[in-house]
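Peer 1: Each chain, written out:
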Amino acid sequence: MIPLVAHRTQGPRRAQRVKGLGVKGRQTLWAYLFLSPALALFAVTVMYPMVRALQYSFFNWPLGGDKTFIGLQNYRRLLFEDPAFREAVGNTLYFTFFSVAPTLALALVVAIMLNGPLLRARGAFRTIYFVPVVTSLVAVGFVWRAMLEPSFGVINTVIRWFGLPGPGWLADPDWAMNGIVLMAVWRDFGFYMVIFLAGLQAIPREITDAAIVDGASAWQRFRSITLPLLNPSILLAAVIGVINGLQLFTQVYVMTGSAQQLPGGPLNSTRSAVLYIVQQTFRPLEMGYGSAAAFLLFVLIMIVTLIQFQVLQRKFEY
Amino acid sequence: MKLADQYYALPTDVQSLLLFYNDDLFREAGLDPTQDFSTWEELRRAAIQLTERDGDQLTQAGLDISASPYQWYYSAPTLAYPDGQVADDTGEVNYASAPGYQTWERLTGLVTEDGVDSAEFLAEQSKFAIGKAGMTFKEYTFTGVYNLTAPDLNFSLHPAPPVADTVYAPVATTSWAYAVSADCADQSAAWEWIEFLTSEESQRTWVAEGGELPSRKALLEDQSLQEDPNVAAGFASLEDAVPYDSMGWDDAFAVQQQIWDEIVLDEQDVESAVDRGADEERALYQRKGLLE
Chain A
0 MIPLVAHRTQ GPRRAQRVKG LGVKGRQTLW AYLFLSPALA LFAVTVMYPM
50 VRALQYSFFN WPLGGDKTFI GLQNYRRLLF EDPAFREAVG NTLYFTFFSV
100 APTLALALVV AIMLNGPLLR ARGAFRTIYF VPVVTSLVAV GFVWRAMLEP
150 SFGVINTVIR WFGLPGPGWL ADPDWAMNGI VLMAVWRDFG FYMVIFLAGL
200 QAIPREITDA AIVDGASAWQ RFRSITLPLL NPSILLAAVI GVINGLQLFT
250 QVYVMTGSAQ QLPGGPLNST RSAVLYIVQQ TFRPLEMGYG SAAAFLLFVL
300 IMIVTLIQFQ VLQRKFEY
Chain B
0 MKLADQYYAL PTDVQSLLLF YNDDLFREAG LDPTQDFSTW EELRRAAIQL
50 TERDGDQLTQ AGLDISASPY QWYYSAPTLA YPDGQVADDT GEVNYASAPG
100 YQTWERLTGL VTEDGVDSAE FLAEQSKFAI GKAGMTFKEY TFTGVYNLTA
150 PDLNFSLHPA PPVADTVYAP VATTSWAYAV SADCADQSAA WEWIEFLTSE
200 ESQRTWVAEG GELPSRKALL EDQSLQEDPN VAAGFASLED AVPYDSMGWD
250 DAFAVQQQIW DEIVLDEQDV ESAVDRGADE ERALYQRKGL LE
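Line by line, the protein sequences give chains A and B. By numbering that gives the first Met the number 0, the letter at position 311 of the first sequence is numbered 310, and the numbering carries on one by one without gaps. By numbering that gives the first Met the number 0, the letter at position 189 of the second sequence is numbered 188, and the numbering carries on one by one without gaps.
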């Protein structure tokens, strides 16, 4: 046995001597080799445009005209002289908070219900709740736009059955973003439900059983076992949700724009940061200004994501 | 189109801005759909008469204006100033002065005071096309749109009455124009395409089937194209039409939409909303390098 072991351990050493790379080094090399197609794609489609956008953000560049280097002037204008940009960021943060929090709460409740051992037709319910996620956002947006129509839309019709006046939804600056939030909650909670279901199924059954034996109530089990052990799933869902929320665009574009009115209304109440970037870049064709706005949004997303990791991440051991 | 006395582009898609009546709703309301309105007050009274409600809720708009009012923004102030929306000599935005304030006050008053339409009534729908509005103000090309999408709609075209007390022309007009860039690789092919688009034959087809007005002056005299009274009204509107005069397109509309929304949805004072919008439009032109 000893010579065999010696032979096996000496093999790689011989290779190291010959090729100058250890096992770890060769594994790393192979890893990069396999990763290289994806990395190349990432570099071309993400990194390169990002670097160029950063570069353009320091220029005054009307598309078709000459580029003039203006340093940080675009950033100064965005941060201190452009209330419309601040309003768009505010709208985006409002949407993100008021859509992500209820979406995750609803997804968690539904996931727990679907994870219950007594529920029948669990697969059918999972499918039903997941269907909106795989439906075209544009199609869903148009349907919700019709449903939210204030005078004859189905939602206000139902509200009026109870003798209540329906809000103006997308026609009212005070309600328009709430209409988009409502649609987003309905559409997205199925996705987070799947994440939570996977997390719930990974929690060892023995821990819950032990708590039951110890006399813990359902709420105590949820509060002290399920919620802490679900933390990685909650963190993942929150990070994805917030990043998606901060990139709000399609819903607003579809639900508030028309051939005769620019999206983001009424009174800019639904204009998101991304929509603002698109409008600032491609309407007056100010490529430098749009690039600067895009970079500020990127920084905002980075900061919010880092804060989420700090606030939400909890270490635990089974 | 001329620049420094040189022709450099040929126009197509000529549009004038006209008042469309739903003739059936006019008759139902006891109004005569063959008559033009000569004053703003006449139009206003008719719009009120055409408006129907069930309790507090609108069931028929007297005038479809809330969903797509932008044509009014640019045409009405254009007609109130001899040099249009933007002053020719200074490049200043004209509408932040007395005739402009009056125009904005009267247009928005249709919604805020007379309630002939509401942003919450059939929001974003073409109320006129679905027979839920007595009138609308649109570009001539909508004759083609309505003929295609609402074949049962019985409508007629009329010149709109002047919105402001002081006006210099009855109708505003727009058009696209085709030019060939100096960088174009095949100049002759490009001009051949423009020649085809602006040819008499193409324009006859557009007039007959596309809901367009001709850009060739010679065709305006051709009575055979004007058998339909709506086409005849479109042709007649071009006689004294003046071009919509601006330095922007949808970027300027966005500013004017904001003025409308601030007055109608946010109940802001007309003059301050118009002044703020004019400042913003001026700043837009400065950013674009069109104004000092």
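If you're looking for bench data, these hints aren't it; they were derived computationally from the structure. Values in this document were obtained by computation on a predicted structure and should not be read as measured data. Some clues are possibly wrong.
[What the hints assert, rightly or not] Rough simulated footprint, nothing fancy, chain A against chain B, three-plus residues with beta-carbon under 8 Å:
no.: 1; segment: 120-134
no.: 2; segment: 244-252
no.: 3; segment: 261-271
[What the hints assert, rightly or not] Listed next, the in silico EDC-like pairs over lysine to aspartate or glutamate satisfying Cα-Cα at most 20 Å (straight line):
no.: 4; chain 1: B; residue 1: K216; chain 2: B; residue 2: D227
no.: 5; chain 1: B; residue 1: K287; chain 2: B; residue 2: D250
no.: 6; chain 1: B; residue 1: K287; chain 2: A; residue 2: D213
no.: 7; chain 1: B; residue 1: K216; chain 2: B; residue 2: D82
no.: 8; chain 1: B; residue 1: K1; chain 2: B; residue 2: D53
no.: 9; chain 1: B; residue 1: K216; chain 2: B; residue 2: E199
no.: 10; chain 1: B; residue 1: K287; chain 2: A; residue 2: E80
no.: 11; chain 1: B; residue 1: K287; chain 2: A; residue 2: D171
no.: 12; chain 1: B; residue 1: K287; chain 2: B; residue 2: D249
no.: 13; chain 1: B; residue 1: K287; chain 2: B; residue 2: D12
no.: 14; chain 1: B; residue 1: K1; chain 2: B; residue 2: D227
no.: 15; chain 1: B; residue 1: K287; chain 2: A; residue 2: D81
[As the list claims (entries may be wrong)] Some chain B residues well away from chain A (every beta-carbon gap over 10 Å; in silico):
no.: 16; residue: Q5
no.: 17; residue: Y7
no.: 18; residue: D31
no.: 19; residue: T38
no.: 20; residue: G143
no.: 21; residue: D164
no.: 22; residue: A178
no.: 23; residue: A189
no.: 24; residue: E191
no.: 25; residue: D221
We put the beta carbon where it would ideally sit given N, CA and C, even for glycine.
Peer 1: Does each hint fit the structure? Answer for all of them.
Peer 2: Outcome of the hint check:
1. 120-134: With 5 residues closer than 8 Å to chain A, the segment 120-134 of chain B meets the three-residue bar; holds.
2. 244-252: With 3 residues in contact (Cβ-Cβ under 8 Å with chain A), the coverage given for the segment 244-252 of chain B holds.
3. 261-271: Our answer is that it holds, as 3 residues pass the Cβ test (under 8 Å) against chain A, meeting three.
4. K216/B / D227/B: 19 Å, holds
5. K287/B / D250/B: 11 Å, holds
6. K287/B / D213/A: 73 Å, violated
7. K216/B / D82/B: It is violated: about 23 Å lies between the C-alpha atoms, which goes past 20 Å.
8. K1/B / D53/B: 54 Å, violated
9. K216/B / E199/B: 10 Å, holds
10. K287/B / E80/A: 17 Å, holds
11. K287/B / D171/A: Given pair K287/B, D171/A is violated - Cα atoms ~32 Å apart, limit 20 Å.
12. K287/B / D249/B: 14 Å, holds
13. K287/B / D12/B: 26 Å, violated
14. K1/B / D227/B: Given pair K1/B, D227/B is violated - Cα atoms ~33 Å apart, limit 20 Å.
15. K287/B / D81/A: 16 Å, holds
16. Q5: Holds, since 22 Å exceeds 10 Å.
17. Y7: Given a closest Cβ separation of 18 Å, the condition holds.
18. D31: Holds, because the least Cβ-Cβ distance between D31/B and chain A comes to about 29 Å, which exceeds 10 Å.
19. T38: 27 Å, holds
20. G143: 14 Å, holds
21. D164: 28 Å, holds
22. A178: 14 Å, holds
23. A189: For A189/B, whose nearest Cβ neighbour in chain A is about 18 Å away, the distance exceeds 10 Å, so it holds.
24. E191: About 25 Å separates E191/B from the closest Cβ of chain A, which puts it past 10 Å; holds.
25. D221: At about 31 Å from chain A, D221/B clears the 10 Å cut-off, so the statement holds.
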